[in-house]
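Could you build all of it, start to finish, from the sequences and the hints given here?
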Amino acid sequence: MRKSDDDDETSSLIERTKRRKISVLDGTEEPNGSTSHIDQIEVFEASVKEDICTHPGFIGGMCIKCGEKMDNQSGVAFGYIHKDLRLANDEISRLRDRDLKNLLRHKKLYLVLDLDHTLLNSTRMSDITQDEGYLMNPDDPMQDALKGNLFKLPFMNMVTKLRPFVHTFLKEASNLFEMYIYTMGERAYALEMANLLDPGRVYFDSRIIAQGDCTQRHQKGLDVVLGQESAVLILDDTEQVWTKHKDNLISMERYHFFASSCKQFGYKSKSLSEMRSDESDTDGALATVLKVLKQVHSMFFDLELGENFAGRDARQMLRAVRSEVLKGCKIVFSRVFPSKFQAENHQLWMLAERLGATCSTEVDSSVTHVISTDMGTEKSRWAIQENKFLVEPRWLEAANFLWQRMPEERFPVKEVKVNH
Amino acid sequence: MKEIQRRSIAMEMEENNDGDGRERTKSQSNRSSALKRFLPEFSAFQFLRESKIQSLSDFQFWLKIIRFKDAVLGKMFFHIVLERNMQLHPRHFGRDLREKLVSKLMKDVEGTCSGRHGFVVAITGIENVGKGLIRDGTGFVTFPVKYQCVVFRPFKGEILEAVVSMVNKMGFFAEAGPVQIFVSNHLIPDDMEFQSGDMPNYTTSDGSVKIQKDSEVRLKIIGTRVDATEIFCIGTIKDDFLGVISDPGTTS
Chain A
1 MRKSDDDDET SSLIERTKRR KISVLDGTEE PNGSTSHIDQ IEVFEASVKE DICTHPGFIG
61 GMCIKCGEKM DNQSGVAFGY IHKDLRLAND EISRLRDRDL KNLLRHKKLY LVLDLDHTLL
121 NSTRMSDITQ DEGYLMNPDD PMQDALKGNL FKLPFMNMVT KLRPFVHTFL KEASNLFEMY
181 IYTMGERAYA LEMANLLDPG RVYFDSRIIA QGDCTQRHQK GLDVVLGQES AVLILDDTEQ
241 VWTKHKDNLI SMERYHFFAS SCKQFGYKSK SLSEMRSDES DTDGALATVL KVLKQVHSMF
301 FDLELGENFA GRDARQMLRA VRSEVLKGCK IVFSRVFPSK FQAENHQLWM LAERLGATCS
361 TEVDSSVTHV ISTDMGTEKS RWAIQENKFL VEPRWLEAAN FLWQRMPEER FPVKEVKVNH
Chain B
1 MKEIQRRSIA MEMEENNDGD GRERTKSQSN RSSALKRFLP EFSAFQFLRE SKIQSLSDFQ
61 FWLKIIRFKD AVLGKMFFHI VLERNMQLHP RHFGRDLREK LVSKLMKDVE GTCSGRHGFV
121 VAITGIENVG KGLIRDGTGF VTFPVKYQCV VFRPFKGEIL EAVVSMVNKM GFFAEAGPVQ
181 IFVSNHLIPD DMEFQSGDMP NYTTSDGSVK IQKDSEVRLK IIGTRVDATE IFCIGTIKDD
241 FLGVISDPGT TS
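First to last, the protein sequences are chains A and B.
If you're matching positions, the first sequence starts at 1 in full-length UniProt numbering and goes up one per residue.
If you're matching positions, the second sequence starts at 1 in full-length UniProt numbering and goes up one per residue.
To be clear, the hints were calculated from the coordinates, so they are not data collected in a lab.
Bear in mind the structure is a predicted one, so any value in this text is a computation, not a measurement.
Please note that the accuracy of each hint is not assured.
[Stated by the list, open to error] Okay, derived cross-link-like pairs now, EDC-like style, lysine to aspartate or glutamate, Cα gap no bigger than 16 Å in a straight line: (1) A/K69 with B/D227; (2) A/K330 with A/E362; (3) A/K83 with B/D239; (4) A/K330 with A/E353; (5) B/K156 with A/E274; (6) A/K379 with A/E397; (7) A/K388 with A/E378; (8) B/K210 with B/D247; (9) B/K238 with B/D190; (10) A/K291 with A/E324; (11) A/K101 with B/E193; (12) A/K263 with A/E274; (13) B/K156 with B/D239; (14) B/K213 with A/D205; (15) A/K244 with A/E229; (16) A/K291 with A/E172; (17) A/K246 with A/E274; (18) A/K101 with A/E307; (19) A/K171 with B/D198; (20) A/K107 with A/D205; (21) A/K83 with B/D198.
Next up, the structure:
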């Protein structure tokens, strides 16, 4: 074993030092050269004796390498692995590097998944409306279609509906990614949901991060994920919580199944449950996102670019895929931004540029699309006159969520009635 | 040499039990056959898990074996005398006062943990029940009870066997009775690599040795922390003679 070899070496070195020391004490004069040599060996011996532990991490106050008890609050807490675990920053980097090498060998990347409105939709039992009452009735004919996707949790007073296609999504994604759950809900809730999505503990194992594990309030971070940031992709419906990692984020369209969820976000229309319908299985958000993930994955592990995967960055690949969506479009906005607002800083402008389009403040012959909220503006009339595409802002949002350029006819600008 | 000594002394003890002149009872014959079966393995953890303890005297017998065994392998179990003040409501006074006191003591103390003594496994006998004192104002009576019990306390430097409960990229968690032990990958031999998958494990490069859930491992404790309900330890398998004993699925 390597360790015993080292021991032999050092012990023989120490022995040699001891012999030399005795010979010096005997009074023989040594020329200067060898004295300094002895000093060097003495220093080496001293350092061998003080084998200081670097304290890579602490569980319950004890160092995981030497067992010494220390009251240490440095590093990052990994409460989801063990409630008292803290790791030093060096150790985290070391683990990330090692794990990345391991994963790349298996041709996998990391995927962080949000729960609410991304993979499922939950509601309190008390918030179930009358139109949704059929969901609670075991004899209702709709129950067959919902089997395996609708779960009642009486002890938590909640009802949960899994998004269509989620089981297939998880199964296929697990072949390409090591998956994490990251939710702003409480740990107990997260564990219950993980149990519904992953009863065999195959997809997530112990990688379930909840609100209590976040290091910053109201913000999610990749600092508690044991994976290199350059290889992580995130799937979440909320953008504000991922301000530090916007490049890794794939925005998802929110899944509103229950009426209470629609109400929470201010939608006045009937929810999917009240209309007794659901998102499409094979054509819904999860199916679309799965295609994108597969695309990024195959770009990352493209063998044409060589066998060394370590230097690649999944964020770059994601950016490249995203910029294909509206490639070739030149967009001008009309009555979309507030008047004194700096156009280039607006969300929609930046979104359009991320999707591969070029934006401009003035119309000219190269412009292809005018995005407007009012048909009567100068730019809108110019678009109709020059036979350019005139669409409402939702066309842009659709491109963002569906990862393709939607037919412009589906997003006409509505006639704005002027109210005085 | 040690093996032979062990066997002979254990056989002696067995004979002492019969030396009273009584006929061998069923439990005694069970014990001797069990003893013969366990001697070669001689793992305290193993036979506590598998021995069929049916009575207090049974347990007392096994206790002697354990104490003897500790001298060979390392201290883990202790048979000590503790004292506790038990409060009893007057409704329990009567013929079975002592029994009620003992059963309450067992319910209160067995399964708890203390920093000094460790985890109380079982009460083996009552040494002494002192005079009861009626408390002012409540009518409850306090009895000071001295009792013998088996405590389990792992020490730093001790070697014990445990069953792996969870494996992840940081190391693995193992359990030995009420104790949970964490072995970080710093203290796993360098030639063992983590393999992720639906059964995460640590395997040597040639695949000959594997640590996964439900494997039995022999590890050395390098640090302990005891609190009110549990004992937590840090362990290592990097030293000689430590590591996997058996894979799950094989009979031991």
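Cross-check of the supplied hints:
1. A/K69 with B/D227: holds, 14 Å
2. A/K330 with A/E362: Since the Cα atoms of A/K330 and A/E362 sit roughly 11 Å apart, the hinted pair holds (cutoff 16 Å).
3. A/K83 with B/D239: violated, 28 Å
4. A/K330 with A/E353: Judged against 16 Å, a Cα distance of about 10 Å means the pair holds.
5. B/K156 with A/E274: Answer violated: B/K156 to A/E274 is near 62 Å, above 16 Å.
6. A/K379 with A/E397: Measuring from Cα to Cα gives roughly 21 Å; hence the hint is violated.
7. A/K388 with A/E378: Judged against 16 Å, a Cα distance of about 13 Å means the pair holds.
8. B/K210 with B/D247: Roughly 7 Å separates the two Cα atoms, so the pair holds.
9. B/K238 with B/D190: Answer holds: B/K238 to B/D190 is near 9 Å, not above 16 Å.
10. A/K291 with A/E324: The given pair, whose Cα atoms are some 14 Å apart, holds under the 16 Å limit.
11. A/K101 with B/E193: holds, 12 Å
12. A/K263 with A/E274: Satisfied, since the Cα-Cα distance of roughly 13 Å is no more than 16 Å.
13. B/K156 with B/D239: holds, 14 Å
14. B/K213 with A/D205: holds, 13 Å
15. A/K244 with A/E229: Holds. A/K244 to A/E229 sits at ~11 Å (cutoff 16 Å).
16. A/K291 with A/E172: With a Cα-Cα distance of about 10 Å, the restraint between A/K291 and A/E172 holds, given a limit of 16 Å.
17. A/K246 with A/E274: The hint is violated at about 35 Å.
18. A/K101 with A/E307: holds, 13 Å
19. A/K171 with B/D198: holds, 12 Å
20. A/K107 with A/D205: violated, 19 Å
21. A/K83 with B/D198: violated, 23 Å
The structure is inconsistent with the numbered hints 3, 5, 6, 17, 20 and 21, although it conforms to all the rest.
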